[in-house]
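Sequences and hints are given; from them, build the entire structure.
Counting from 503, one number per residue, gives the positions in the sequence shown under our numbering.
No lab work stands behind these hints: they were computed from the structure.
Any given hint could be a false lead.
[To be verified] No more than 27 Å apart at the CA atoms, straight line, and that leaves these computed lysine-lysine pairs for BS3-like:
1) K978 to K618
2) K978 to K886
3) K618 to K654
4) K849 to K886
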Amino acid sequence: MQFYSKKNLLFILIKLCIYGNSLFAQNENKHDSITSPNYKAVFETNLIDFVQENPKWIEQDTTFSLFSEFDAVQNQPYCFSSLGNIGSSHRMLEYQSNTFGFRFKDIPLTQYLITKNNITIFKPSSPYTRLYYVTGSGKQHVIGGNHAQQIKNFLIGLNFGVINSLGIYQHQKTNLSNASVFVNYNNKKHYGATLIYFFNKATLQENGGLAIDSLFDNNIEPYRAGMPVRFEKAQNKYVDNNLFFTQFYRFSKSKDSISFFFDLGSIVHSLDLSKGKWIYSDEIVDSTTFDVFYRDSLTTLDSLGFLKLSNSLEWRNGFNFTIGNKNRKLLTYWCLTHEFIDAGDYKVRHFYNNILLNASTILKWDSSLYINYGIKYILAGYGKNGYEQILNFSYKLQKSHIFNLQFTDQINPQSFFTRSYHSNYYDWQNNFNPTHESKIALSYSNKFVELGIEGISVDNYVFLNKFSLPEAYDEKMNIYSAWSVLSLKWRVLNSQTKLTYHASNADSILMYPNFTVRERLSFVFPMFHNAMIANAGFDVFYTPIFKAAYYNPSMFGFYLNTDKEIGNYIYIDVFLGFKVKRFNFFVKLINAPKGFLPYNYYSTPSYPLPDRQFKIGFSWRFYD
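Given below as structure tokens:
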């Protein structure tokens, strides 16, 4: 099968970026253009914006066009490599900056875990509940839901999700669960408080991939459960529990703008408690895979845990003023945080007392201009003298044309795991220099298209080498990327194309493809006088040949690949969905052309993506 060359694909990407404005359009409504009976608006925001006292509420999207994308790894703008089973470890195929400050370990389950950054807060006009369930081949079950309601001055909410999937190969089962409980009180005058508890729990069987790839490549063994794998008793467990409480006292009673008004602002206190543990176990130790044992030559039970208690005190204030008929706001935030950290393994425990300073300034110039500058600095403790400064510039031209410019510069300490770890197979104590990263990104979006380019410079990048040992790259990395999300809506036709392009001087270390392509084409048909809406289409994913990172179960992470190439495959899913009032239903055929194309659909070496599978799912929304 003939595919486009890299230069041709880049030319197409650039051309689409240039002409996308006139070629593509999308529905601007946040809910169906054909409104369901008894529809009631539900607004949502994220937790980080919510606790800033001035969240951006967005009307919930009730369309069902993306409901069949029930896998959080697949329903993303960027592409990921995975181990072939929902809920398994995965890796983003694009460079991603690390969170600033103390990091326990980079857990390869980012799209399935609840964090403070991705918790959704709902604001319904009446009690709101949504439930969903998906099942299919491989004894796969995905269950989840949300609930929210306002009770006088209290807003309460619940989010939960469960993934349980046996997989189609030996010893591939995944079992994940998480939930968050949210309570907010606001007297709408001076005082407000938010309490949220959330947890994540994952138990993953680790088979180490296929023992003989050729059995799959040549389809010698069609019975996938009968194919030999590398490990039969290995397992990874990860669990964390988190409690977050924040309260504020607002000095002024009103936020109304006058010709010139200094807002005394608010005093904010926050308490953040996190506790987590990672455990790797294997009942069988293979001396042909590992030749050094630091603890036991018969069985393995390794663990690494952490406890972090954070207290912060913040003052928020600003100016509200009017020039002509347009409102202007200048806001400032000052925050001092103390962190107590206890982290370690069976051999060594480390204690840190961190002190961090956080300050930011926000300028809102009417509704068209937004400028935000923030800086975080580690005064003492883990990563002392590290900092992160971010400048965001956003300009809205007319109603739908938005330009964004972001500059980031950070000196960030390495993760605790890469600095100190002692287990049955590995033992190290490193003193890596912090990573210095500078990034500039420019994006443009309107109701037709989203485009972006970015350039990144990285010093002291730490990765797992071919021996699965942490190593610092001794050269400066220069990384360039571009992306485009293009949408077409014409009568019953809907199309969304996602293109990414990546280039760097360290591809042998980063191990990303030069480009990826994702296409979703669907047809939406109102039926029975709009009493039911049908949606049918297909998803296509393509990645070129590249050297993808290997996966090491005992490291619970990906490491350097120096020889194996994968890619150059087309993966197609076909789906059919129906919506009746507030009930959504779909059926989906994963990897529909299986058997007609080569057996080369790996996204991680030795871990094939699923063969043809049948999925079925439904979602139901309730009001009152």
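Results of checking the hints against the structure:
For a cut-off of 27 Å, the pair hint linking K978 to K618 is broken: about 32 Å separates their Cα positions. Annotation: proposed proximity of K978 to K886 holds, straight-line Cα distance about 22 Å (limit 27 Å). A C-alpha spacing of about 25 Å is found between K618 and K654, which places the hinted pair at or below 27 Å, so the restraint holds. For the suggested pair K849 and K886, the alpha carbons sit about 25 Å apart, so the restraint of at most 27 Å is met.
The structure shown violates just one earlier hint, number 1.
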